[in-house]
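**Q** Sequence:
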Amino acid sequence: MQSAQERHEYPAHWEADVVLRDGGTARVRPITADDAERLVSFYEQVSDESKYYRFFAPYPRLSAKDVHRFTHHDFVDRVGLAATVGGEFIATVRYDRIGPDGLPATGPADEAEVAFLVQDAHQGRGVASALLEHIAAVARERGIRRFAAEVLPANSKMIKVFTDAGYTQKRSFEDGVVRLEFGLEPTERSLAVQRAREQRAEARSVRRLLAPGSVVVVGAGRAPGGVGRAVLANLRAAGFTGALHAVNKALPDGVEELDGVPAHRSVRDIDGPVDLAVIAVPADAVPEVVAECGEHGVQGLVVVSAGYAESGPDGRERQRELVRHARAYGMRIVGPNAFGVINTAPDVRLNASLAPETPRPGRIGLFAQSGAIGVALLSRLHRRGGGVTGVTGVSTFVSSGNRADVSGNDVLQYWYDDPDTDVVLMYLESIGNPRKFTRLARRTAAAKPLVVVQGAGSAPQGHAVRATRLPHATVSALLRQAGVIRVATITELVDTGLLLARQPLPAGPRVAILGNSESLGLLTYDACLSEGLRPLPPLDLTTGASPADFRRALTRALGDDTCDAVVVTAIPAIGEGSADDAELAEALRSAAAEVPAKPVLVVHVELGGLAEALSAAMSTGPQGAGTASGGLVGVRGSSALGSAPPYQRAGAPVPLPAAPPGQAPATRPGNALAAARTPHPALSASPDKAAQAPLAPPQGPRLIPAYPAAERAVRALAEAVKYAQWRREAADPGRVPEYEDIDEKGTARMIDGLLARGQGLTLGTDETCELLGSYGVDVRRAVPAPTPEDAVEAARALGYPVALKATAPHLRHRADLGGVRLDLADEEQLRRSYTELTDLFGTPEELRPVVQAMAPRGVDTVVRAVIDPAAGAVLSFGLAGAASQLLGDMAHRLVPVTDRDATSLVRSIRTAPLLFGWRGSTPVDTPALEELLLRVSRLVDDHPEVVAVTLEPVVVAPRGVSVLGASVRLAPPPARDDLGPRTLPAY
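Numbered according to my numbering, the sequence shown spans residues 23 to 1009.
Hints in this document: simulated from the structure, not taken from any laboratory.
Hints may contain errors.
[Stated by the list, open to error] Calculated pairs, BS3-like style, for lysine-lysine (alpha carbon to alpha carbon, straight line, at most 30 Å):
(1) Lys-192 with Lys-744
(2) Lys-192 with Lys-87
(3) Lys-271 with Lys-458
(4) Lys-470 with Lys-767
(5) Lys-73 with Lys-182
(6) Lys-744 with Lys-470
(7) Lys-767 with Lys-744
(8) Lys-470 with Lys-458
(9) Lys-179 with Lys-192
(10) Lys-179 with Lys-73
(11) Lys-182 with Lys-192
(12) Lys-87 with Lys-458
[Claimed, not checked] Computed Cβ-Cβ distance ranges for the label pairs, DEER-style:
(13) Thr-829 with Asp-336: 48 to 54 Å
(14) His-90 with Glu-789: 53 to 59 Å
(15) Arg-43 with Pro-618: 37 to 43 Å
(16) Asp-123 with Ala-214: 20 to 26 Å
(17) Thr-829 with Gly-942: 32 to 38 Å
(18) His-494 with Gly-109: 55 to 61 Å
(19) Pro-918 with Arg-574: 25 to 31 Å
(20) Asp-765 with Pro-618: 53 to 59 Å
(21) His-494 with Val-199: 54 to 60 Å
(22) Ala-214 with His-494: 30 to 36 Å
(23) Asp-275 with Tyr-81: 25 to 31 Å
Note that the coordinates shown come from a computational prediction; the quantities given were computed from them, not determined experimentally.
Where is the CB? At the ideal position from N, CA and C, for every residue including glycine.
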């Protein structure tokens, strides 16, 4: 007779690694008949009290019948899962399907009893909560919709597991037992609970790596030199506050120290706990080291060893095995092929990396997948040269190498509520889980700035990355929507990070410019226009300006309600009594301190001393001397071209007239190119918004960043302005409107019927119109016209004037090729046009001509929605034709789109002025366009089987919109792991 497990295949997809509440990891997997000995061993380690809570009676040991029952499952009506560490059970959960009478049942019964047992040594780690998420997901997969659990009233911990899960519950008390019943469909609250637990667990797992109490370097050479010895020296030089050990299995007899650090031949020989192991041995020796660390109870690994996925297929398999091996012991990994980790906190002082110098302590969190880029970023933040003042340092640094386990998502979870980090800088070569990264980035950016550089090429060979069909530009746009400050280079990353680390966010785009160089002021003015800011006329203090002059001018500018930020330009002072750099720095610092709500930046030329003085004014500058490079500011094109702006000498600046809402701000008079450099109305803060109270500045002493070029300073300021605007708008994200004419249930039935034909289906014209119509999207009917007579008959039915279009793939949406004839007023014009098309392009069978009623004149646009397997549902908008196809002028938003998202989507394309009355044209009906976008968003959000929608062209007229062409594709939706139980990525 076949066993239950033989009747159903082992569900390997239920296996998963999870991060527990304390930051450790466990493996969740189905229980099988081979687990009998493990189950018995596990049960023997459970206390009598826990056994009593599980079975409601003393139950000292399991009988053979019990063991058989708890290890033999059919994986449908009876399922058991175990959480394991080191291959041994630490907790179990099972469900048994029951009928209305409470007796064992099979489908279609949709209720099951659930019960847990957690080893006492692992209680309080969140194991039961994680198992509940996984057993609930399994039950939903098997058609179970409700769980029932009976718990003794004294078992408060287990009652809390159920009540805190966030599911809709019903509780009753009978015969001395609490009975809980709850549905298994995810609710808004259950997802919130799950994500809060995920954040706490993943943050703690990273904290264990960054704040260890003890560290061992495995692979520290006997002689100076080599990677392991270098890491050991860096740990010592940083002054690590915990216990430090070295391991070298070839250590000679009698040698007990390396560089004054206790040395051992094996991790097993170390007395006392070890929290973090840095592994620097050849790849083929790493498995033995991982086993030693796991058996000793090490909590995390930093693997600097190379020879893994970056080296080819064999290395990739070696990397997978490394992750599996480490997670089996509950350890997380930074690496392999990692540069290391750094924590500058005074109570930690950890430099477990290849960086020979520990960066200066500060408020910036730094993540780099590439070791080389990590070195460059640390160097730029630490040194005085390179033209950027190092006005702050690093709180923590992680270079993840191949990112086999710990990724940027994990570190974001840590930095989100890290009190020592104000700004996050990330260099990403790939994004392994774009959907999750976007969600975490949005939450982090609402609390602190997140600045990202993302490589535009393919992912490095060592990275496991989900496939995405979205172009790089689209991913960048989605990151910006999530509040990410997206910059192009590591220079911009540092420039922007230094500004945000110690200056408040600007309340708007209005910029005051003052300094002792008219030319440098003009360059700054032009740079502001190029970046979409609204500069006020520069104030020239002349080259003889004293520190007191700078102080008075800066104080006036900061007190002026017509500016939101100040850029100070400075060149070497000339003449007797000229101030030295320290005096000027102190003057600027004291003036800025009087009005701390507005950001101040300095553009300096050949003023290395000023850069240092600005940093050292609060005694927080980098240690040691250094000079700022930079040289003379180069002239972009020529500032002499065109007329100069209204320029003032000493005295209060006269502001340019404020731009009315929806119009461009003032530009340099006489400059023919100024209009092309003015900000788009959507990017300009209205006077009301500009007058809002600015966002709070970062904590800590206020330091002024200095830049060697106006363009770099202004570009950083422009990013801060856009981020501040996003923060204000994120406080009120809008809502997803409800439309009474949407037939959600009817559409679902229609989709189910259509998908019954096959797995992937592009709908025909009639089906497309019907499906879109159920969501209030009306498509203008296009009647096939295989002959001239058919065309005439169609025109009579539709009413003149009509359009005649060729719909062959090579002519569709190509009016420039002559495949479209518009405004045909009568039969004669229609027949003549039909003949012209067939003469030019071939037979009607090749052309596939259609007749369509003319739509009101307007602006042709395109609306698209697509389900990307990695990023999720994305809604895109742009103008039809060359604007979107050649220039890539498309805007994107993640679905579901709110009313505020739709408004910004329409206004965020470069060609948006064509919709708002450009050059005297009639503005079109953008509210109707926004409603169309919202309806399409609702369709793909409500029905993930709608994997692609294209509306092209959509003619936006002064009143209303007309959808002239549409296509819809249906398919089973991609799996969404963000709605399932918490898991670590599988490799």
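**Q** Flag every earlier hint the structure violates by its number, smallest first.
**A** Hints 1, 2, 3, 4, 7, 12, 16, 18, 19, 23 are the ones this structure does not satisfy, whereas the remaining hints hold.
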